[in-house]
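Colleague: For reference, the chains in residue letters:
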Amino acid sequence: MKAVCFNFEIHQPFRLKRYRFFDIGNDHYYYDDFLNDDIAERIVHQSYIPAAETLLRMIEQTKGAFRCSLAISGEAIEQFEQYAPEFNDLLRKLADTGKVEFLATPYAHSLASLIDPEEFRNQVKVQCEKVKETYGATPKVLRNTELIYSDELAPQILAMGFKGVLTEGAKHILGWKSPDYVYSAASAPQLKVLMRNAKLSDDIASRFSDTSWAEYPLTADKYIDWIAATPAEEQIINIGLSLDTFGGLQPAGTGIFQFLEALPRFAAEKGVEFWTPSEAVKKLKPVDTISITHPISSAQEACDTSAWMGNALQNEALDKLYKAGERVRLCEDRRLKQDWWYLQDADHFFYMSTKNMGGAAFSPYETPYQAFINYMNVLSDFLVRVDEQYPLSIDNEELNSLLTTIRNQEREIAALTREKELMSKNLAQYNIEHRKEDAPAADAPKAAKTTKTKKAEPKPKDAPKAKAKTPAKAKAKKA
Amino acid sequence: MFGWEFPPHILGGLGTASYGLTQGMAQCGDMDITFVIPKPWGDEDRSFAQIIGASQVPVTWRDVSREYVEQRIGKVMDPDLYFRLRDHLYADFNYLRTNDLGCLEFSGRYPDNLLEEINNYSITAGVIARTLDFDIIHSHDWLTYPAGIHAKQVTGKPLVIHVHATDYDRSRGNVNPTVFNIERDGMLHADHIITVSNLTRNTVIEKYGIDPAKVTTVHNAVVPLSQELLDVEVTKPKEKVVTFLGRITMQKGPEYFVEAAAKVLKNNRNVRFVMAGSGDMMDKMIDLAARRGISDRFHFPGFQKGKQVYEMLKASDVYIMPSVSEPFGISPLEAMQMGVPSIISKQSGCAEILDHVIKTDYWDIDAMADAINAIITSPAMYNTMRKEGLEEVAKITWDKAGQKVIDIYNKVLAR
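Chains as they are written, first to last, in the numbering used here: chain G, 1 to 479; chain F, 480 to 894.
Hint data in this document are derived by calculation from the structure and do not stem from the laboratory. Do not rely on the hints blindly, as some may be mistaken.
[As the list claims (entries may be wrong)] Computed list of lysine-lysine pairs in DSSO-like fashion (alpha-carbon distance at most 30 angstroms, straight line):
1) G/K17 <-> F/K745
2) G/K282 <-> G/K132
3) G/K140 <-> G/K337
4) G/K355 <-> F/K793
Turn these sequences into a full structure, and let the hints steer you where they fit.
Modeller: This is how it looks when you write it as structure tokens:
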């Protein structure tokens, strides 16, 4: 028995608008709505919707034998809400089949896992809530941003309640080992690690329509044959793709959708099953532990984190951003928090990569330098706003204790107000009953008396106020 | 080769480029290069090319002794060559103003009677072409096109012209019809045309109506700087310095630099701006800086030459070239060699080959101001651009450009 575990990633960043340094302090809106709308709508209609419809058909046609998983960032869900709600409906339908597993992933597609553990936990939590609220599914397996993973992260991931984690089957880590097994994390043995099969994934993602490739054209039966031909002990083949591979990287005209749709039929012939990551984690025992001391990722070639934190520009930007983390978490300003998330998107840092000059794919900027200038201008304004809320002259600990005091007081005030309202209600009732006292039965004053004794205890200060108000209320009731 | 300038006596980028290219071609081997310039001074580098001064080429017979020639021009020309040239006079130019050796006088600069000098230069080209043995003629820029054409007509050897600039670049579109005609005439007679950038190539094809098949781009390069220049010592002011170096003319877009400076200074006073050079728009720029109220931070040190250029660069934190139309623009490459991050306009030819610079439209003063501000405020930005820039520019060498030119020669000669 052998199974394929499909994982599709869906993410769109909130791209920044052209923001000049003289806008700092004057303009607090950072996003290029037109561009984001344009890209989101294009990609949804060209790729996401046809792909999701194909998946839905595959599930229906195979009566649920076909299964897969989706990892959707919170930012992407927000963009669909704004620009393409129809796609969210379609995802909801997929979720309702029960055959599609939704994975946990940091809300803002951020690098927080490498820099700021608390932020990482927050973001995953918020994303899980968002997924639950939007699609009604509860994530059980984690797929970190760009499949970033290391030993250091494993205990935290386990503590967050995940049984499994997806990462890249990086050659320099695996060596002679195969990615087609379940491993357990060296630093947290209960955590199971699923590794992406890079070769079979990239056969679809980058080579599918490459006419110079020896295996061109790639057909569904050939592909399933390759999977079936792997050694019998290798039970789980993790195929990780960005969902926009279908219709985006590989345009519809290449036949990519037909290829996808034909997979279950040939898989059934060869006895290859489809599992979700949760099933894989549940059904298979780890064959070995895997130790990953330096973080790995799905980045091309190097499989390390240098695509986002490899040069001085990126490190400077990340450093400035995450220094503000603790402070931002103290804030309660919703817009500030939202910006804080959007600015953490790993894509912003990818645009600053000097690795492939002039050719950074998907970058809205002409050069990494322009990406850096623009980002830093936005970040400067953001930091000014954080500073306005909580001046940097107060250190975090002091601020924290002040805030605790304020919050305690707020809570106290809220409790007192509630009590006050309750009492004024009682008083009003008491007054009414007193007026009626002459006529009705004797049990009414009894009840009023008990409330009156209660009232006297908590705060004498409030009492006169409440009393002052009651006549007016009573009058109003009379009228 | 026919050229107008040759280091160390240069007035602009043309001399530097002609020199670099000739040296680069010599490195590729198996070539005898003769470089004709209007007026040699005797201190030119003759290690890789024979240099002939048009001002030592006889155009009319004078009965002079070998000793006399030796004593008069021995410093710049071998007397044997003088007599060989004298044997190949083809017409009597006595009616022109010739000197005691039968030679014409040249200033070697860009005088008011430039057209007359161009004509005289092509007269001497006739003598040279009849005397020397060569396979191909290469003319650098419009001043020497007539000479190239003349040499081609005399010998029937193929002509390659090298377009370092066109009059469209110099005049922002208001071309001088005489210059235009000389340029177009050169292009029509040429067997092949080399342009210094695709920008210039398009100008040649579109504005001069030339067949694209015979126009090829060979980007300029830079000669590595000597250690002495790299190590020049300067005392830096405590503020950051942003520098513009070049002729202060319409073509170079100096007004955009002033405007961008005003924008930067509005938010950041810890910076000084320098506009080094001279030109017909200098007074206007001084006036503009005063009107923007930034004269205390905006400086005009005047024309810089030789070592001063490198001192200026060494003291700078940002180099800027906001040219409206720049066929190539070698100065940002020199700035990068000195480790200075550069901002260039997208309308510059060198933008086609540089990655580690910031490119903006010449009119986009917002983007320019933003880039200046980013480099002077962010050490990460400055250091990355500096480091990557040094690496990048070290790879742009003349021997590669020279090889491309040789390939073009071979193509032309194979016909």
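Colleague: Of the numbered hints stated previously, which ones are contradicted by the structure, given in increasing order?
Modeller: Structure breaks no hint.
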